[in-house]
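Numbering of the sequence shown is given in this note's numbering, commencing with residue 108 and proceeding in unit increments.
Keep in mind that the hints were calculated from the coordinates and are not lab data. Remember, predicted model here, so these are calculated numbers, not experimental data. Treat the hints with care, as some may be off.
Just the calculated beta-carbon pair ranges, DEER-fashion [as the list claims (entries may be wrong)]:
#1 Leu-310 / Gly-458: 42 to 50 Å
#2 His-350 / Thr-228: 33 to 41 Å
#3 Asn-449 / Lys-145: 21 to 29 Å
#4 Lys-227 / Ser-114: 36 to 44 Å
#5 Leu-541 / Met-289: 48 to 56 Å
#6 His-485 / Asn-449: 52 to 60 Å
#7 Ile-340 / His-423: 38 to 46 Å
#8 Ser-327 / Ser-303: 34 to 42 Å
#9 Leu-306 / Ser-204: 25 to 33 Å
#10 Glu-325 / Ile-187: 30 to 38 Å
#11 Leu-310 / Ala-365: 23 to 31 Å
#12 Phe-359 / His-148: 41 to 49 Å
Using N, Cα and C, we set each Cβ at its ideal position, and we do this for glycine too.
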Amino acid sequence: MEKLPKSLLAAAWAVALAAIAPMLDMNMMNMAVQSMTKDFHTTLNILQWGITGYTLALAMIIPFSSFLLNHFDGKKVMVISTLVFALTSFFITLSNSVQMFIGLRVIQGIGAGIITALMKTLIVKIAGHDNVGRVIGIVTTPMMLGPIFGPILGGVIVQNWTWRWLFDINIFISIIVVLLMMKYVPAFAAFNEDESFDLFGSLLLAGLIASLLYGLSEQSLLWAAVGVFTTAIYIIYDTMRKHKSVLPLNLFKYTQFAASNAGSFLYNATVMGPMFILPLYFQEGRNFTAIEASLALLPQGIAMLITRPLLGKWLHILGSKKLLRISIFGLLVTTLPLVFINESTNILIVGTILFLRGLTFGSIKVPFSAEMYNGLPHQYLAEAGVAGNMLEQFGSGFGTALIATVVSALISNHTGNTMYAFQIGFFVSCLGTLLMFVPTFFLVKHAD
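Construct all of the structure, not just a fragment, from the sequences and the given hints.
Here you go:
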């Protein structure tokens with residue numbers, strides 16, 4: 108096999124490393140929730156908007172990222188986005204209120220969204236058609252270590268220094284990445300300057316998602332009604348534009364697309380919600396330090412890493428539908444014990460549960476993502492990819508907001524019984540996992 112040119116690998120590594128800071132940020136943040144809640148003198152329900160707002164901003168910027176790549180030099184877009192991420196990280200370290208923190212996290216999510224959306228596209232352009240598989244395999248390998256080392260790094264920093272240092276790491280990494288990109292990444296011509304961007308549709312979509320989530324978080328019928336009203340407007344708008352909007356609703360007439368995205372939405376909701384409260388379960392429910400809590404989460408991250416190279420073989424042998432049903436059942440069986448664990452449950456038992464739970468993650472996410480494109484006309488593939496990415500992020504935001512709302516409300520109403528609140532939070536996740544079976548019945552027969 109021909110050796111890859113050093114200049115090609117250097118450019119690809121520089122682009123891939125740009126995604127390291129956003130990836131670590133997501134994995135480290137959950138370890139700091141307890142510390143930030145105390146520091147800002149706020150509640151879990153309010154602070155979770157620092158994560159939910161970041162996730163929603165990341166989702167909404169995905170279609171705009173394509174517009175930027177079509178109209179401007181991809182290298183400049185990547186460098187500016189990395190600088191935006193670094194600059195907002197700096198201002199977050201200066202946050203003196205939870206409102207300032209949440210606002211800056213939304214802006215930070217915009218930078219992170221552009222970085223993650225453009226990373227693979229630019230690597231493909233750098234590598235060329237013949238080398239793309241090898242190059243992506245090489246430079247994205249470190250990304251798999253994020254769920255393992257991110258929480259540990261976050262726990263060490265929070266325990267020994269302050270949560271603000273988490274964002275100092277973002278600055279340090281981003282500066283190095285910008286220097287590497289300036290040196291090694293070539294300039295790119297605009298991809299397609301004729302392509303337009305649906306700004307009004309994007310604002311409508313952002314408004315309806317934010318309204319619905321805020322109505323859920325604040326248990327406000329008024330905001331929920333605003334969300335429903337905005338949804339109706341978006342449906343009319345999409346119809347009037349003949350489905351040429353930021354999220355074309357005619358895609359959902361294709362059963363495979365609709366079922367796969369419903370499954371992906373539920374998967375992200377039922378996995379990211381517990382990810383948010385698991386560190387709190389260890390820190391508040393069992394009085395673990397931040398480092399101890401991060402180490403307790405280690406089995407789940409290791410399990411995710413173990414299954415990654417096996418997914419292709421499993422898919423080939425079982426097919427998507429069968430693999431999904433087995434894995435969803437496994438996720439349900441390994442999440443249900445979390446409803447019954449308490450402060451006296453042996454940590455080895457908890458670790459075993461988390462390890463077995465982690466084994467199911469990839470074998471649900473990957474098949475749903477793969478099946479999304481089956482049966483779609485070729486001309487819709489680009490729009491389907493953007494829509495799928497957006498809906499995954501919406502699922503993450505919904506799951507975090509829902510479980511944070513449930514746990515926060517129960518903590519307020521059952522003072523001194525924090526463990527009960529976490530148990531109900533895990534129970535909500537089990538209900539979401541049960542619902543995940545439904546989309547598998549709509550996957551077409553040839554998926555097996």
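These are the hints, each one checked on the structure:
1. Leu-310 / Gly-458: 42 to 50 Å: holds (45 Å)
2. His-350 / Thr-228: 33 to 41 Å: violated (24 Å)
3. Asn-449 / Lys-145: 21 to 29 Å: Given about 23 Å between the Cβ atoms, the range holds.
4. Lys-227 / Ser-114: 36 to 44 Å: Violated, at about 19 Å.
5. Leu-541 / Met-289: 48 to 56 Å: Holds, since Leu-541 and Met-289 (Cβ atoms, about 50 Å apart) stay within the stated range.
6. His-485 / Asn-449: 52 to 60 Å: holds (53 Å)
7. Ile-340 / His-423: 38 to 46 Å: holds (45 Å)
8. Ser-327 / Ser-303: 34 to 42 Å: 35 Å Cβ-Cβ, so the 34 to 42 Å window holds.
9. Leu-306 / Ser-204: 25 to 33 Å: holds (30 Å)
10. Glu-325 / Ile-187: 30 to 38 Å: Given about 35 Å between the Cβ atoms, the range holds.
11. Leu-310 / Ala-365: 23 to 31 Å: Given range 23 to 31 Å: holds, Cβ gap about 24 Å.
12. Phe-359 / His-148: 41 to 49 Å: For Phe-359 and His-148 the Cβ distance comes to about 44 Å; the hint holds.
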